[in-house]
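J.: From first to last, the protein sequence lines stand for chains A and B. 1 is the number of the first residue of the first sequence in our numbering; add one for each residue after it. 506 is the number of the first residue of the second sequence in our numbering; add one for each residue after it.
I should point out that these hints are in silico values taken from the structure, not numbers from a laboratory. The reader is advised that the hints may include incorrect statements.
[Claimed, not checked] To spell it out: a stretch of chain A is covered by chain B in this simulated footprint if at least three of its residues, at any positions, have a beta carbon under 8 angstroms from a beta carbon of chain B; those stretches are:
no. : segment
1   : 167–173
2   : 213–225
3   : 386–396
4   : 409–419
5   : 425–439
6   : 445–454
For clarity, every value in this text was computed on a predicted model and none was experimentally measured. Positions of the beta carbon are idealized from the N, C-alpha and C atoms, including for glycine.
Chain residues, written in single-letter form:
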Amino acid sequence: METFAQLGAGFAVALRVDNLIVALLGSFIGTVVGMLPGLGPINGVAILLPLAFALKLPPETALILLAAVYMGCEYGGRISSILLNVPGDAGAIMTALDGNPMAKNGQAGVALSISAWASFVGSTVAILGLILFAPLLANWSLAFGPAEYFALMVFAFACLAGMVGDKPLKTVLAALIGLFMAVVGVDANSGVYRFTFDSIHLSDGIQFISVVIGFFSVSEILLMLENTHRGGKLVKQTGRLIFNLKEFMSTLGTVMRSSIMGFFIGVLPGAGATVASAMAYMTTKRMHDKEGTFGKGDIRGVAAPEAANNASACGSFVPMLTLGIPGSGTTAVMVGALSLYNITPGPMLFTQQPEIVWGLIAALLLANIMLLVMNIPLVGVFSRMLSLPNFLLVPGIAAVSTVGVYAVHATSFDLVLMVVLGVFGYMLRKMHFPMSSLILGFVLGEMLEQNLRRALSISNGELSILFNSPITGGLWLMAIAMVTVPPLLRRRRRKQALAAQAAQV
Amino acid sequence: MSDRIFAAVWLVVCLLLMVVGWGIQSEFSYEPVGPRAYPMLLLGLMLACSLAMALRPGEKADWPEKPVLIRIVLMILALLVYALLFEPLGFALATALMSVAIGRLFEGKWLHCVVGGAGLGFGLFYFFDRLLDVPLPAGLIFG
Numbered sequence: 001m002e003t004f005a006q007l008g009a010g011f012a013v014a015l016r017v018d019n020l021i022v023a024l025l026g027s028f029i030g031t032v033v034g035m036l037p038g039l040g041p042i043n044g045v046a047i048l049l050p051l052a053f054a055l056k057l058p059p060e061t062a063l064i065l066l067a068a069v070y071m072g073c074e075y076g077g078r079i080s081s082i083l084l085n086v087p088g089d090a091g092a093i094m095t096a097l098d099g100n101p102m103a104k105n106g107q108a109g110v111a112l113s114i115s116a117w118a119s120f121v122g123s124t125v126a127i128l129g130l131i132l133f134a135p136l137l138a139n140w141s142l143a144f145g146p147a148e149y150f151a152l153m154v155f156a157f158a159c160l161a162g163m164v165g166d167k168p169l170k171t172v173l174a175a176l177i178g179l180f181m182a183v184v185g186v187d188a189n190s191g192v193y194r195f196t197f198d199s200i201h202l203s204d205g206i207q208f209i210s211v212v213i214g215f216f217s218v219s220e221i222l223l224m225l226e227n228t229h230r231g232g233k234l235v236k237q238t239g240r241l242i243f244n245l246k247e248f249m250s251t252l253g254t255v256m257r258s259s260i261m262g263f264f265i266g267v268l269p270g271a272g273a274t275v276a277s278a279m280a281y282m283t284t285k286r287m288h289d290k291e292g293t294f295g296k297g298d299i300r301g302v303a304a305p306e307a308a309n310n311a312s313a314c315g316s317f318v319p320m321l322t323l324g325i326p327g328s329g330t331t332a333v334m335v336g337a338l339s340l341y342n343i344t345p346g347p348m349l350f351t352q353q354p355e356i357v358w359g360l361i362a363a364l365l366l367a368n369i370m371l372l373v374m375n376i377p378l379v380g381v382f383s384r385m386l387s388l389p390n391f392l393l394v395p396g397i398a399a400v401s402t403v404g405v406y407a408v409h410a411t412s413f414d415l416v417l418m419v420v421l422g423v424f425g426y427m428l429r430k431m432h433f434p435m436s437s438l439i440l441g442f443v444l445g446e447m448l449e450q451n452l453r454r455a456l457s458i459s460n461g462e463l464s465i466l467f468n469s470p471i472t473g474g475l476w477l478m479a480i481a482m483v484t485v486p487p488l489l490r491r492r493r494r495k496q497a498l499a500a501q502a503a504q505v
Numbered sequence: 506m507s508d509r510i511f512a513a514v515w516l517v518v519c520l521l522l523m524v525v526g527w528g529i530q531s532e533f534s535y536e537p538v539g540p541r542a543y544p545m546l547l548l549g550l551m552l553a554c555s556l557a558m559a560l561r562p563g564e565k566a567d568w569p570e571k572p573v574l575i576r577i578v579l580m581i582l583a584l585l586v587y588a589l590l591f592e593p594l595g596f597a598l599a600t601a602l603m604s605v606a607i608g609r610l611f612e613g614k615w616l617h618c619v620v621g622g623a624g625l626g627f628g629l630f631y632f633f634d635r636l637l638d639v640p641l642p643a644g645l646i647f648g
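Same shape as in the complex, but just chain A (with noise of 0.2 angstroms):
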């Protein structure tokens, strides 16, 4: 029953005119900012991220905006998927398998309307599952010290290196480095400058929006660069705009398990909508590939993977807003954009600010309506922007990036380090290292540190303390069997694989 009460005082703070525009615009940047190939939830929520704070847009505004473009994201990704066989983002890559095929068998109006549908129901089914759970773990977690903190983060980083699948070694540096760079600046227990140099400029620390925009934005016009000859045919749109009764039944199922499933995924921290919607993907062919009718246009094959991620990337809000630890690289932006605001979010959030959590969560519902609405009769706007062309759009990403860079310090040095820094960061996503794992870590860094030194202080350097309690020992068991477990089940399968060959030689 509070649960309602607390959710209509949310729907109160959504409902604010200047919240539903923010949340509107959102959307509808969301979705062309997940459309554009290349450009992602990480690199849309990064670019407006600064202009949010710029604008001074109030704290919970600021993160309806970026919630609702995360989303929109989530949906928009779709469209490039299934017209031009090149997903919007990485969250959407399988839904190309299925709905390029479909559009070219002249179903594209019915693979973008059942995609739009289980983005729907995903989302939906996802928030559900928020306003559900949240507030339990958020009451659980109250009762967390530093020790049970710091086992926290080290279990989020587990999961990370060990559900971003092969490079585990690459993870583990990625994270490393993004420990390390939130280091830099003044030591706030001691007073001591670190790794500074004495420059000025870095002795409050690697501005957190130079680092995001240029690992994000400056890295990623970098990489759509060597892309330029790589367009894909857009397909026209024919046929039925919407798709019917025996469609709708046919992928009920999958919609809905491949929802729940995302949900969880997403709630585990590091764990984001790539991972979702494969394993969606990867499930539902399991279940019902009989006919052989995967990759060639199933429409199946469409909404398992749209439902999934659009879930996870809702369900990735759980962590973030109950405990301070982001489930994905675009909620690990969010949680520094709220440190901006000097909000640490985590379980005194939904005591002390239950307006940000819950006007979030109502500003997330009403933003799935909106993102329906658009996605369904108004795709064809949205289609239509795909032919803009690269040697206007990625000028004007470079100059708003930069413009919200400077807007915060009004320095030219935070821009010569945002563009040094997208260089870093394109050499490394060349290098295949995760930059998810990167950003965790410098959003997580200064957090980690004060807990283990808070808790070192608590036991007077035993460091019992970080694994003698239940919680931190469970924490510590998990975070072991996420990196052990994973690559033995992928070392059995390929194992099994390698057997099925040799058998059928």
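Chain A is already provided as a structure; the job is to place chain B on it using the hints.
T.: Relative to the frame of chain A, chain B by itself:
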């Protein structure tokens, strides 16, 4: 190969930072762990990772072909010049110049790039500075 080079460079960077970090000391201490231990721990772990990477490099990075690489270097230069000219020239002019340069790199026609660049420069200046109240350097033209 690039993995090995990166690992080697990072190894040296870590060692240098360790030397710098060794000098971190607080004048008073009331906690068991001072400001030095944690960064040293991170550097140590990074050192270990770099070593492991140097010994067992991952898959090959596919760096772009030479003509594309040249254009990427040109784009980095354009962005650096933009960052440096942002204040002295003012937002509108600097953005217009940057847009023409980058537009050309993306194979826009001269006319399109010049018109588009001018539009972006002045349009965005008006939008942000005048309409949204985000202060931008006015520079030569509006100054």
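J.: Among the hints numbered above, which are violated by the structure, and what are their numbers in rising order?
T.: Per hint list: zero violations.
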